[in-house]
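Participant: Could you put the whole structure together from the sequences, leaning on the hints where they help?
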Amino acid sequence: TQLLEQSPQFLSIQEGENLTVYCNSSSVFSSLQWYRQEPGEGPVLLVTVVTGGEVKKLKRLTFQFGDARKDSSLHITAAQPGDTGLYLCAGEEGRRALTFGSGTRLQVQP
Amino acid sequence: KAGVTQTPRYLIKTRGQQVTLSCSPISGHRSVSWYQQTPGQGLQFLFEYFSETQRNKGNFPGRFSGRQFSNSRSEMNVSTLELGDSALYLCASSQGTENTGELFFGEGSRLTVL
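If you read the sequences in order, they're chains V and Y.
In short: position in the first sequence from 1, add 4, done, that's this note's numbering.
In short: position in the second sequence from 1, add 106, done, that's this note's numbering.
Hint data in this document are derived by calculation from the structure and do not stem from the laboratory.
Hints are not guaranteed to be accurate.
Below, in silico cross-link-like pairs of lysine to aspartate or glutamate (EDC-like), each with a Cα-Cα straight-line distance of 20 Å or less [as the list claims (entries may be wrong)]:
1. V:Lys63 to V:Glu97
2. V:Lys74 to V:Glu9
3. Y:Lys119 to Y:Glu181
4. V:Lys60 to Y:Glu208
5. V:Lys61 to Y:Glu208
6. V:Lys61 to V:Glu21
7. V:Lys74 to V:Glu58
8. Y:Lys163 to V:Glu97
9. V:Lys60 to V:Asp71
Taking CB as the label site, the calculated pair distances span [unchecked claim]:
10. V:Pro43 to Y:Leu117: 17 to 27 Å
11. Y:Arg121 to V:Tyr26: 33 to 43 Å
12. Y:Gln150 to V:His79: 24 to 34 Å
13. V:Thr81 to Y:Ser157: 40 to 50 Å
14. Y:Pro167 to V:Gln111: 33 to 43 Å
15. V:Gly20 to Y:Pro114: 18 to 28 Å
16. V:Val59 to Y:Asn183: 41 to 51 Å
17. Y:Arg169 to V:Glu19: 41 to 51 Å
18. V:Asp71 to Y:Asn183: 24 to 34 Å
19. V:Gln18 to Y:Arg169: 20 to 30 Å
What you are looking at is a predicted structure, and each value in this text was computed from that prediction instead of being measured.
From the three backbone atoms N, C-alpha and C, an ideal C-beta is built for every residue, glycine too.
Facilitator: See the structure below:
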């Protein structure tokens, strides 16, 4: 069974602060996806990283895929209240179903 | 383009009953996946259907079943409900080609078992 561990589980910060969320596994994934889920809604895809060492930026969000394709990180610069939500990483391997991490619940206080 | 539609959004059942949840995928998407989301276990994969065939299956008991129709709409059924089945059930559709690709999730059906 492939497992994805996310840390931290909970994060409460003030508007303007920076933060990093980690997603780690002992398994190698062909790609890794990051989703954000807001209350009452389903997860929405933020980004997919495919190549080991790849870095992708989405406005204030920076995603990195580890060189060995076993881990990933999400860095948010100058967090805003609109960034509040549950962040989920999900690993993909071929035709297997996505394996989701346990999630990081982020609260950004104004 | 209409998103993924799940019905019902909320439902309450009692132990021992059975429930059927419905999912209409994005037009043109042939793959439908079902996930169970609970605070303690996170998102757990139930099964995936592609062109009316179950392509992948998670580690859930046989009480959980599903099917997909020729128009790609999918239903999942849970029989003999237990308290622990209380959860948000999420349906996600994708184009379903070689790899899983991007999943488009519905808003979910929140099931409460009393």
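Participant: Would you mind marking each hint as holding or not holding in the structure?
Facilitator: Status of each hint after checking the structure:
no.	hint	in the structure
1	V:Lys63 to V:Glu97	28 Å, violated
2	V:Lys74 to V:Glu9	11 Å, holds
3	Y:Lys119 to Y:Glu181	17 Å, holds
4	V:Lys60 to Y:Glu208	16 Å, holds
5	V:Lys61 to Y:Glu208	18 Å, holds
6	V:Lys61 to V:Glu21	18 Å, holds
7	V:Lys74 to V:Glu58	12 Å, holds
8	Y:Lys163 to V:Glu97	15 Å, holds
9	V:Lys60 to V:Asp71	14 Å, holds
10	V:Pro43 to Y:Leu117: 17 to 27 Å	19 Å, holds
11	Y:Arg121 to V:Tyr26: 33 to 43 Å	39 Å, holds
12	Y:Gln150 to V:His79: 24 to 34 Å	28 Å, holds
13	V:Thr81 to Y:Ser157: 40 to 50 Å	43 Å, holds
14	Y:Pro167 to V:Gln111: 33 to 43 Å	35 Å, holds
15	V:Gly20 to Y:Pro114: 18 to 28 Å	41 Å, violated
16	V:Val59 to Y:Asn183: 41 to 51 Å	43 Å, holds
17	Y:Arg169 to V:Glu19: 41 to 51 Å	46 Å, holds
18	V:Asp71 to Y:Asn183: 24 to 34 Å	44 Å, violated
19	V:Gln18 to Y:Arg169: 20 to 30 Å	46 Å, violated
In summary, the numbered hints that this structure violates are 1, 15, 18, 19.
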